[in-house]
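Residue numbers (our numbering), protein chains in the order written: chain A, 5 to 683; chain B, 5 to 683.
These are computed hints drawn from the structure, not numbers from a lab.
It is possible that part of the hints are untrue.
[As the list claims (entries may be wrong)] Taking lysine to any residue and the SDA-like style, the derived pairs with C-alpha atoms no more than 25 Å apart in a straight line are:
| id | chain 1 | residue 1 | chain 2 | residue 2 |
| --- | --- | --- | --- | --- |
| 1 | B | Lys63 | B | Ser77 |
| 2 | A | Lys85 | A | Gln115 |
| 3 | B | Lys442 | B | Ser516 |
| 4 | B | Lys503 | B | Ala414 |
| 5 | A | Lys548 | A | Pro644 |
| 6 | A | Lys191 | B | Gly322 |
| 7 | A | Lys548 | B | Glu211 |
| 8 | B | Lys191 | A | Glu331 |
| 9 | A | Lys191 | B | Phe325 |
| 10 | B | Lys570 | B | Lys503 |
| 11 | A | Lys503 | A | Ser417 |
| 12 | B | Lys442 | B | Ser417 |
| 13 | B | Lys85 | B | Glu211 |
| 14 | B | Lys570 | B | Leu481 |
| 15 | B | Lys191 | A | Lys548 |
| 16 | A | Lys503 | A | Lys548 |
| 17 | A | Lys191 | B | Ala323 |
| 18 | A | Lys570 | A | Phe514 |
| 19 | A | Lys548 | B | Glu60 |
| 20 | B | Lys191 | A | Pro265 |
| 21 | B | Lys90 | B | Leu171 |
| 22 | B | Lys191 | A | Phe325 |
| 23 | B | Lys191 | B | Leu150 |
Number of protein chains: 2
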Amino acid sequence: MSQDPLVVFTPSGRRGHFPIGTPVLQAARALGVDIDSTCGGRGLCGRCQVSLAEGEFAKHGVHSCAANLSPRSETELAWEKTHGAKLDGRRLSCSTTIRGDVVIDVPADSQVHRQVVRKGAELGDIALDPAVRLYYVEVQEPDMHLPSSDLRRLKEALDFEWRLTDLQADIRVVQQLQGALRRGDWKVTVAVHEAERIIAVWPGLHEKVYGMAVDVGSTTIAAHLCDLQTGAVIASAGRMNPQIRFGEDLMSRVSYVMMNPGGDGEMTREVRTALNALAAELAAEAGIAVAEIVEATFVGNPVMHHLLFGINPVELGGAPFALATDEAVTGLWATEIDLHIHPNARIYALPCIAGHVGADTAGAILSETPYLTDAMTLIVDIGTNAEIVLGNRQRLLAASSPTGPAFEGAQISCGQRAAPGAIERVRIDRETLEPRFKVIGCELWSDEPGFAEATAATGITGICGSGIIEVLAEMFLAGIIDQDGVIDGALAARTARVKASGRTFTYSLFESAERSLHITQNDVRAIQLAKAALYAGVRLLMDKLGLERIDRIRLAGAFGSHIDVKYAMILGLIPDCALEHVASVGNAAGAGACIALLNRGRRGEIEAAVRRIDKIETAVEASFQQYFVEAMAIPHKCDPFPNLRAVVALPEAVAKDRAGSGRSRRGRRERTPIEGVTT
Amino acid sequence: MSQDPLVVFTPSGRRGHFPIGTPVLQAARALGVDIDSTCGGRGLCGRCQVSLAEGEFAKHGVHSCAANLSPRSETELAWEKTHGAKLDGRRLSCSTTIRGDVVIDVPADSQVHRQVVRKGAELGDIALDPAVRLYYVEVQEPDMHLPSSDLRRLKEALDFEWRLTDLQADIRVVQQLQGALRRGDWKVTVAVHEAERIIAVWPGLHEKVYGMAVDVGSTTIAAHLCDLQTGAVIASAGRMNPQIRFGEDLMSRVSYVMMNPGGDGEMTREVRTALNALAAELAAEAGIAVAEIVEATFVGNPVMHHLLFGINPVELGGAPFALATDEAVTGLWATEIDLHIHPNARIYALPCIAGHVGADTAGAILSETPYLTDAMTLIVDIGTNAEIVLGNRQRLLAASSPTGPAFEGAQISCGQRAAPGAIERVRIDRETLEPRFKVIGCELWSDEPGFAEATAATGITGICGSGIIEVLAEMFLAGIIDQDGVIDGALAARTARVKASGRTFTYSLFESAERSLHITQNDVRAIQLAKAALYAGVRLLMDKLGLERIDRIRLAGAFGSHIDVKYAMILGLIPDCALEHVASVGNAAGAGACIALLNRGRRGEIEAAVRRIDKIETAVEASFQQYFVEAMAIPHKCDPFPNLRAVVALPEAVAKDRAGSGRSRRGRRERTPIEGVTT
């Protein structure tokens with residue numbers, strides 16, 4: 005044994021002695037070194053590439069040199085020719101044998117469970133371990149002397165070559181199997197789901213397998229197409245949710261169902277039609293066939309989730325807001341939801357959490373993993389409702405706050421969706437009370453040269469959600485509105501922008517021949533109601549955990565991505581927190597769908613986390629109402645916000661008022677901190 | 005404890021002490037006594053009826069009297085009123101409490117796993133344990149203080165009340181669940197498949213649940229509708245397999261697929277359409293809705309099986325005759341095969357055994373259970389091919405012999421299907437050589453008075469399979485044909501019934517103005533070929549097991565049911581065996597489908613048995629050809645048939661010829677008996 009050459013694999017450091025002539029791949033497998041292969045070591049797939057590390061490795065007592073590996077083989081030359089690619093000094097470990105001591109490096113892209121390093125912040129690094137994997141096998145031909153079915157021999161081959169035991173097979177696979185085996189000359193590639201079930205079969209070596217991750221939002225459906233062999237996102241697309249014609253927001257869609265029997269079926273058909281269009285678009289963009297998509301994962305709020313799966317959502321429209329199911333949907337045939345990808349493709353949907361807290365929130369939790377950290381983490385996803393998750397590895401709470409659609413611009417006199425021409429940034433001069441602003445689609449501030457020309461095409465059409473937050477926060481900092489949100493009519497004497505309108509006043513943000521954009525007292529009230537609801541929900545969860553401080557805040561979703569967190573804190577949307585620990589995380593729900601697509605282990609992770617979550621229904625919590633009232637003030641009356649004070653000069657009245665604020669102190673006395681919770 | 009009353013249950017003999025006031029059902033459960041209940045002890049379903057055994061039970065030291073049970077309860081009176089039935093002295097064990105020592109008898113029809121005693125020989129007694137069972141539960145209403153989904157609360161109730169843990173639910177059930185719970189005022193009945201999966205839900209108490217067992221034959225599709233609560237067959241129906249328009253026999257249907265791409269799809273659609281018509285017919289006959297059928301089990305030969313499941317059967321049309329799958333089909337949604345029963349109903353199909361030996365043979369094996377006995381058992385199912393199963397609990401062999409369609413009358417000049425007007429019984433006078441016969445649809449022999457009038461309506465149209473066997477055997481016994489099957493032309497001098505026809509002779513069975521029915525030399529040859537193939541297959545399997553004698557023979561299928569086993573043995577279709585151990589068992593395949601429907605444990609039993617079977621392909625066995633040649637003779641040249649000689653006077657030539665026959669002795673010397681095999 006010690007006479008045999010020593011083979012050391014890096015980076016794992018695993019080592020062992022193997023007889024001369026042993027293929028490198030075989031040595032790796034014997035040592036449990038993680039090297040990928042679809043073709044089972046036949047030199048076809050090229051996934052098992054390794055590099056020779058040359059030189060003296062004193063630590064291992066190895067002199068590793070090219071002469072200690074077999075020379076380039078016919079198989080390797082053939083692979084290069086077939087794939088039109090060069091191995092560039094790498095070797096196919098299946099076709100390279102050991103002749104002496106060597107150190108073999110397994111590059112990241114040859115590891116089965118490689119880390120997929122994702123661009124951008126939305127998706128952290130993911131260990132690639134998709135639910136659907138491909139396996140190439142050579143199947144014994146039928147033999148009249150040993151009668152046995154094609155399926156049995158396929159399963160025997162999968163057991164022998166890949167140690168996949170006790171596999172089941174879809175009847176749909178059985179329907180295709182005999183043709184595939186004979187067209188492939190008894191060599192086929194199968195797709196196996198969850199190491200349990202054969203869901204597809206192709207003749208010969210089939211190397212392409214894709215999945216789609218979908219976030220079904222009330223307004224937008226967003227989807228990513230992923231290569232399940234590499235983890236790469238190879239196409240992304242989004243489109244309006246066609247259900248919008250039944251109602252802009254969730255409640256109006258549920259109302260539509262209540263008023264129109266069968267309306268749920270209509271909406272289910274609409275969303276599924278849109279999904280098929282999206283799948284076709286993604287496939288076309290990536291240059292693949294839709295039938296090569298073998299899995300789809302979904303997130304969505306409870307109403308979208310239920311409509312997608314053909315569940316009538318009316319129960320979600322009124323108390324007690326009972327979900328039909330709070331389990332993950334697993335292993336469903338895509339055809340069962342009329343999705344035209346591979347006909348045997350599987351569907352996975354993350355679990356919904358509670359009647360107002362959906363699989364989208366589960367996706368955000370999976371993406372942000374508060375359940376893995378000691379840091380007390382707040383995740384807020386603001387839409388028509390705000391989903392709130394608070395906690396850490398010890399305990400996790402979730403709730404929904406009824407913010408209403410004000411943050412989406414719906415109840416604001418000059419509000420609009422985020423689109424070119426919408427004001428998104430605002431500053432107000434503390435002395436002159438003159439505003440300047442930026443609009444979507446133009447990099448210039450409104451007081452910079454060229455602004456008028458640059459915005460001529462779009463015009464200035466309204467204020468989007470982030471613009472509303474900024475203009476109100478700036479009005480507050482400039483003293484135009486006070487803590488109670490009242491526009492100070494006395495300022496009409498100082499500036500023409502403050503004008504009377506009936507018994508209240510307005511602040512003029514922009515006026516032109518075509519359009520004038522005012523902030524009215526009602527606009528201020530609408531935002532106050534929305535932000536008070538959001539804050540009260542957060543405060544309620546903090547109370548449940550006995551917290552006075554939150555360690556980090558993650559703002560998810562489109563609105564959360566665009567607002568300036570500082571202004572959100574000034575206006576009191578979110579609790580006081582060190583600004584460097586507040587971040588927008590984009591579409592965290594969609595990121596969660598991608599993670600579930602690329603790593604099956606993390607499905608179990610989020611399912612377990614969701615089961616553990618304490619679901620809080622704000623409507624039945626008396627303290628929610630109290631906090632709501634206190635949070636109407638700007639920023640609010642629940643906290644002395646030390647972090648905010650450190651970065652922003654708040655109006656003097658706030659400073660005085662907060663010092664003796666009793667609510668939070670009372671709260672602190674009433675509750676004992678939970679063990680292990682960072683306070 | 006010993007102060008508490010003693011409760012003894014019969015027939016189980018289980019006994020225990022329980023406090024006064026304990027419901028009888030609760031006591032039974034505590035002792036593991038098998039009492040049925042769908043409603044969970046709420047006095048709704050009436051399935052838990054028991055009887056008080058009154059008197060002195062010295063063995064138990066119990067004086068059991070009516071006073072020791074609570075008086076008839078309101079619940080029992082209400083049950084009688086609701087069901088329009090009387091309990092007739094029985095008690096609902098859920099609503100009856102213990103007041104003193106009692107002996108309680110649990111009648112068979114109140115036991116969960118009761119034996120279903122079947123009429124007729126086809127279906128033995130079956131322990132009722134269907135895969136789909138009903139459970140009635142009361143589900144907690146949703147509570148905003150403890151948000152939880154309706155599915156979760158349903159599962160909690162099933163766990164709490166029925167100890168059903170880790171159930172999964174079809175998405176289709178989730179779609180129905182919220183409506184059912186609310187319509188049923190939070191009381192629902194669910195159907196659970198294999199104690200694993202909720203497949204249906206109904207509001208309130210639902211007590212009706214049915215299954216259908218189907219034998220998909222090439223010619224006829226036969227189905228039984230069973231009440232899964234009682235095991236009773238409540239309707240039966242059959243219809244022609246509409247695939248017949250693509251070809252009478254299996255091979256012509258496979259040829260059709262080979263010649264017509266898409267032909268398999270056509271035939272799949274045809275058989276599924278017929279199944280839907282059958283299901284509707286069964287439901288109408290039983291007065292139930294098709295949607296109350298929650299499971300269907302199937303048997304069929306390999307080609308029928310594959311076409312039913314949408315698998316192209318061309319591979320079964322040529323060597324090496326590879327099945328796509330030899331596994332049972334389990335848990336498939338009925339909709340996946342376009343079967344319009346309950347949309348979530350499940351499909352179970354018994355496994356096919358080999359390319360020529362199908363799930364129908366598996367059904368016959370399940371019905372006859374040779375794998376449970378020491379007796380060396382031969383099962384023969386004769387159709388276009390003859391499926392042969394031979395063995396006992398030690399070892400089981402299966403093969404198919406290519407008999408061709410002669411037994412079905414296809415290659416016989418005056419042959420026809422079994423139908424009114426067909427000759428089915430024949431006797432030939434040994435002296436006069438005059439025949440007499442019976443036709444289907446008439447109880448009289450042809451030489452009895454009134455026969456002509458009784459058959460006037462149908463006429464006498466041909467000979468069916470059993471008639472062919474009898475006429476040839478009688479011709480042999482009367483010396484009209486010799487051991488080699490040659491019609492003796494010399495007899496033309498004795499009787500006008502023997503006539504020359506070219507270079508051979510014919511025997512006239514019936515002549516009238518409209519029709520004359522002759523047995524030609526070609527007819528004899530066709531039957532000789534068919535019976536030689538059948539016998540050679542049996543002999544081959546006997547050789548494999550080292551057998552000279554078979555303990556019992558079971559003739560399955562329509563042909564097997566109608567032939568007189570004595571004539572079959574005279575003609576040499578089956579090997580020599582004590583006549584009292586030879587029996588026709590009717591549609592044993594269909595019986596197997598019923599058994600699988602009514603008892604889920606027996607599914608595992610047949611699946612295991614089929615895996616253990618040695619599959620023999622006659623085409624590759626050299627000795628098959630040898631036996632085939634020897635078996636062309638009548639009865640055959642392989643055996644001295646002692647049992648047959650004991651009951652029938654064989655022509656003298658046979659007696660001489662067989663004494664020194666070497667074949668079988670050689671066979672005996674060559675093989676050593678298998679341990680434990682009865683020879």
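The hints, checked one at a time:
1. B:Lys63 <-> B:Ser77: 30 Å, violated
2. A:Lys85 <-> A:Gln115: 24 Å, holds
3. B:Lys442 <-> B:Ser516: 16 Å, holds
4. B:Lys503 <-> B:Ala414: 23 Å, holds
5. A:Lys548 <-> A:Pro644: This hinted pair holds, its Cα atoms lying about 20 Å apart.
6. A:Lys191 <-> B:Gly322: 21 Å, holds
7. A:Lys548 <-> B:Glu211: 46 Å, violated
8. B:Lys191 <-> A:Glu331: OK: Lys191 (chain B) and Glu331 (chain A) at ~21 Å, within 25 Å.
9. A:Lys191 <-> B:Phe325: With a Cα-Cα distance of about 19 Å, the restraint between Lys191 (chain A) and Phe325 (chain B) holds, given a limit of 25 Å.
10. B:Lys570 <-> B:Lys503: 28 Å, violated
11. A:Lys503 <-> A:Ser417: 15 Å, holds
12. B:Lys442 <-> B:Ser417: 19 Å, holds
13. B:Lys85 <-> B:Glu211: 17 Å, holds
14. B:Lys570 <-> B:Leu481: Distance ~12 Å between Lys570 (chain B) and Leu481 (chain B) Cα, so the pair holds.
15. B:Lys191 <-> A:Lys548: Roughly 34 Å separates the two Cα atoms, so the pair is violated.
16. A:Lys503 <-> A:Lys548: 44 Å, violated
17. A:Lys191 <-> B:Ala323: The hint holds at about 20 Å.
18. A:Lys570 <-> A:Phe514: 24 Å, holds
19. A:Lys548 <-> B:Glu60: Not satisfied, since the Cα-Cα distance of roughly 65 Å exceeds 25 Å.
20. B:Lys191 <-> A:Pro265: 24 Å, holds
21. B:Lys90 <-> B:Leu171: 37 Å, violated
22. B:Lys191 <-> A:Phe325: Given that 25 Å is the threshold and the Cα spacing comes to 19 Å, the pair holds.
23. B:Lys191 <-> B:Leu150: 20 Å, holds
When the structure is compared with the earlier hints, violations turn up for hints 1, 7, 10, 15, 16, 19, 21 and for no others.
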